[in-house]
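Chemist: Sequence:
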Amino acid sequence: MLGRVDAGIEHTRSSNMDVMEKAELIGAELTEREQQVLEAVVRTYVETAEPTGSRTVSQSFDFGISPATVRKTMGHLEDKGYLFHPHTSAGRVPTDLAYRFFVDRLMAPQRLTGAERTNLQRQLDSIGTSVVERLVMKATRALPRLVHSYHSHHRS
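Going by this note's numbering, the sequence shown opens with residue 1, and the numbers climb by one from there.
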């Protein structure tokens, strides 16, 4: 029998929908509070790599709700497959479904304003192409190492 987390992950993998349809459905059933708490848990976990507790979320993010309400909301997110509880006394950890929601919904790209584009272009022009090219080359070399490190850390 699949656990709640496994069931949530399996649900996203087993559907015949295309990727875009899946992305639109992920998180559709979450309340605004659940989305806020999920974002807080994902951000905190990414920063600390430690299970995130309700008290940490309540103290670190100004939701105006008690740790008990955060804990209840985290329980709902666990039931829906977005979080799992590695140990009874530990906080919760985001699932693949939570990361997918975070990337698709919470990190949606924003268009630059005309002023932002102009400012960025001025900055790029002032530092010269060679600096930008070197940065791109460094990022290109670092990315495979980061991806490998991420995958080896999250496989266990």
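Hints listed in this document are in silico derivations from the structure and should not be mistaken for laboratory results. Where a beta carbon is used, it is the ideal one built from N, C-alpha and C, also for glycine. Treat the hints with care, since some could be wrong.
Said to hold, decoys possible - So the derived label-pair ranges between C-beta atoms look like this: (1) 135 with 112: 10 to 20 Å; (2) 99 with 60: 40 to 50 Å; (3) 121 with 143: 39 to 49 Å; (4) 116 with 137: 42 to 52 Å; (5) 55 with 143: 31 to 41 Å.
Claimed, not checked - The calculated lysine to aspartate or glutamate pairs, modelled on DMTMM-like cross-linking and capped at a C-alpha distance of 25 Å, are: (6) 138 with 39; (7) 72 with 39; (8) 72 with 47; (9) 138 with 125; (10) 72 with 62.
Chemist: All the hints need checking, so say for each whether the structure fits it.
Modeler: Hint check:
Between residue 135 and residue 112 the CB atoms are about 19 Å apart, so this pair conforms to the stated range of 10 to 20 Å. With their beta carbons about 19 Å apart, residue 99 and residue 60 fall outside the hinted range of 40 to 50 Å. For residue 121 and residue 143, the hinted distance range of 39 to 49 Å is not satisfied, since their beta carbons lie about 25 Å from each other. As the Cβ distance of residue 116 to residue 137 is approximately 25 Å, the hint placing it in 42 to 52 Å is violated.
Between residue 55 and residue 143 the beta carbon distance is about 36 Å. The supplied range of 31 to 41 Å therefore holds. About 30 Å separates the Cα atoms of residue 138 and residue 39, which puts this hinted pair outside 25 Å; it is violated. As the CA atoms of residue 72 and residue 39 are separated by approximately 15 Å, the hinted pair is consistent with the 25 Å bound. Proposed proximity of residue 72 and residue 47 is supported: the alpha carbons are some 23 Å apart, at most 25 Å.
Our distance criterion of 25 Å between C-alpha atoms is met by residue 138 and residue 125, whose separation comes to about 19 Å. Restraint check: the Cα-Cα separation between residue 72 and residue 62 comes to about 17 Å, which is no more than 25 Å; the hinted pair holds.
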